[in-house]
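Which chain is which? The protein sequence lines are A and B, in order. For the first sequence, this note's numbering begins at 1 and goes up steadily by one. For the second sequence, this note's numbering begins at 1001 and goes up steadily by one.
Do not rely on the hints blindly, as some may be mistaken.
Said to hold, decoys possible - Chain A regions said to be covered by chain B (calculated; three or more residues, Cβ under 8 Å):
#1 15–28
#2 108–121
#3 128–138
#4 147–160
Simulated from the structure, these hints should not be mistaken for laboratory data. Beta carbons: idealized from backbone N, C-alpha and C, even for Gly.
Chain by chain, the residues run as shown.
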Amino acid sequence: MNPAITTARRPRSTPPAPVSPFPYHPGSLLSVLDLTVDGVSRLLVRATELENEDPIGRDRILAKRRIALLFYESSTRTRTSFELAAKALGADTTLVSSLSSSIEKGESLKDTGLTLRALGAEAIILRHNSSGAAWLLEEVTRLPVINAGDGMHEHPTQALLDLRTILTHLRPGVEGVAADTLAGATVMITGDILHSRVARSNMLLLPRVGARVLLCGPKELLPEQAARSGPGIEIERDFDAALAQSQAVMMLRIQAERLAGLQLDLDEYKANYQLTGQRLATHAPNAMVLHPGPIIRGLEITAGVADGVQSAILEQVTNGVAIRMAVVERALVADQGGRA
Amino acid sequence: MTTLAICGGRLVDPAAGVDAAKDILLKEGRVAEIAGHGKLKGKNGAEVLDATGLVVAPGLIDLHVHLREPGQAYKETIATGTAAAAAGGFTSVAAMPNTSPVNDSPEVTRWMQAPERGAQVRVFPIAAATRGSKGEVINDYAALKAAGAVAISDDGRPILKDGVMRESLAAAARVGLTVIQHAEDTRMTQGASMNLGPVSFKLGLRGMPPEAESGIVERDIRLVAELRESHPHLHVAHISTAAALAAVRQARRNGLRVTCEVAPHHFLLTEEHVGLYNTHAKMNPPLRSAADRDAMIGGILDGVVDAIATDHAPHAMHEKEIEFELAPNGIIGLETALGLCLRWLHGEWKMPLGRVLSLMSAQPAALLGLKCRGTLAVGSFADVVVFDPKAEWTYRATESKSKAKNTPFDGWPMLGKVRWTISEGRVAYASA
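Construct the complete structure from the given sequences, taking the supplied hints into account.
Below you can see the structure in the form of structure tokens.
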């Protein structure tokens, strides 16, 4: 047949893409896309209020409410800060981790979630090694679910605390955010973008408050498709050129546990993408340095930079508690919730 | 056996070039007589089915289903899978060999066809190409054919080694069987659970590149060309990418016997339908890009696609209600194929009814070499589907005759409702 006919007969209508039913619960935070810019702003403002509140009064906000932390992956920062945040609001928390629970015996995520709900959990904070797990948990439990990192997909509270840290440095004094708050600012994310949920959440959140996101890394760790994830995302493979354009420099760990057979020449990687004191001084002497942790000193970042004056890495950790207080409160307190 | 007369309908038999108001008499499992309305002789004693306003067509033939028996009866049995087939208008289904054990022997091939299985319609086993479908040692195709196998395939797994695929094509050609290839270079799809592209990146899922399919199709076509003298027949299962379809198109221009099938989900859905980790949109090959989907539609309309096949792949509910990456591949499709094809191919895209039905009966029959099926010419098997071509209805997975409910088409509007399905003269399904 004449191939020209194919084009001529091209059909006009095809079935539409589905409309997402998520999130089922207005208190859930599965993706940064669940939040409007207004919603982001409210969380940032609330984080500061809660941080400044008297700890004695603060712990009545969620007094005796039950929150389960369900962790299928190891974690230091995220787990501890969620736990401290929930406890600071007075909630009872319980930790279930895959290595010391019936998950080891083959219990499914659905059954684990339903069990926690039956035990009285009113919200579940989930860290899981499989992308999308938080959506499944929310669908089967209909509880507010907070995504504390799902596979290679998203880590929304990390992006929120990164935003808070960035604002402190680039927009001091600014509390809430609007669509243009970070206009004119460039945030670069360097390294293992492909396997990074932190990168995905940040690249979807930061452009919505005006920032330009510049991704940097080798093809194996940064596929071209990354730039098509949303508006305001660009790729610059030359590390020095990217540094020169950036006011905030976020470095990422190479996720050895997710490389799945991919062979990387680490010496070459370090030569091209390691953030050193000299590079920073030459190309971005005034930029702030971020890293979601864990840091591998001497690989993606030198010890000198990690501990240096431009580093905001520990501020990020501290901000995690404030942001997570606001997110946990939103999950359980109706007037702080809502998709709007 | 009852004698049946289907009267008052519109007989559409593309293989015979018939589209006319006709009555049809079924006797002893065969088509006995065709005549104008009211003119059927020897109707005495026949049970009459009133087909006024309905289309009477050759029973549909699905050349790609998984019936899960032997070994995985919790997902589906031959009895339940064929009940779903009958409800969908199918009178013949070709069952893939990825059962447990793998159907790589005449014993399993015969077991699947035994009356004890309780099949509602005819089951034609497709036997494994290699022992255990491991892609190493080819089976005895002559013995498998003698036991009833209608084609050869390691479906679910590709035959990766060039030498083994060449040997399989040559051996199948010697006994007059088709080799059906699940085209996937598994070296490029490790750990992947959907199509590779912007959507997989966004969802944080590892993707299968389109080249994993087209690369194997191109390799297979080269082998068919090399073996040209022995006339091998390669059939590409569930083709899903524009590049692979282009390769098939070119092979046909070059005079090679290369055919392909498309599943309804690959001409209707795209990777966007994965949505937020809907495991009912996870199958292999995966839902592809809109450009690939459009290429499938184009291929069906312009004739390079030889058949519609469902790749009916039942799974138990609990197997799909887990993390997307861990969920098994596949969806059921026997009860939605006709309704979707009529609604979209015929209704929306204006493909003539006879051509749609041909893709689902005459052409798969020819592909598999099923004699006296896929047509209602006098003397053929009395495999008939009678449906209301105008009836609009909504598919409900919970009402499925299949044991499984894993489908992305739950709640979808359908066009064309099956009234009766008749398998070799016996009513296998009648709508309430």
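- Establish whether the coverage given for the region 128–138 of chain A by chain B is satisfied; the threshold is a Cβ-Cβ distance below 8 Å, and no fewer than three residues must meet it. holds (count 7)
- Item | Within 8 Å of chain B's CB atoms, at least three CB atoms from the region 15–28 of chain A: coverage verdict | The restraint on the region 15–28 of chain A holds, since 5 of its residues have a Cβ under 8 Å from chain B and three suffice.
- Establish whether the coverage given for the region 147–160 of chain A by chain B is satisfied; the threshold is a Cβ-Cβ distance below 8 Å, and no fewer than three residues must meet it. As far as the region 147–160 of chain A goes, the hint holds, because 5 residues have Cβ atoms under 8 Å from chain B.
- Query: Are there three or more residues in the region 108–121 of chain A whose C-beta lies within less than 8 Å of some C-beta in chain B?
  - Reply: The restraint on the region 108–121 of chain A holds, since 3 of its residues have a Cβ under 8 Å from chain B and three suffice.
The earlier numbered hints are all upheld by this structure, with none contradicted.
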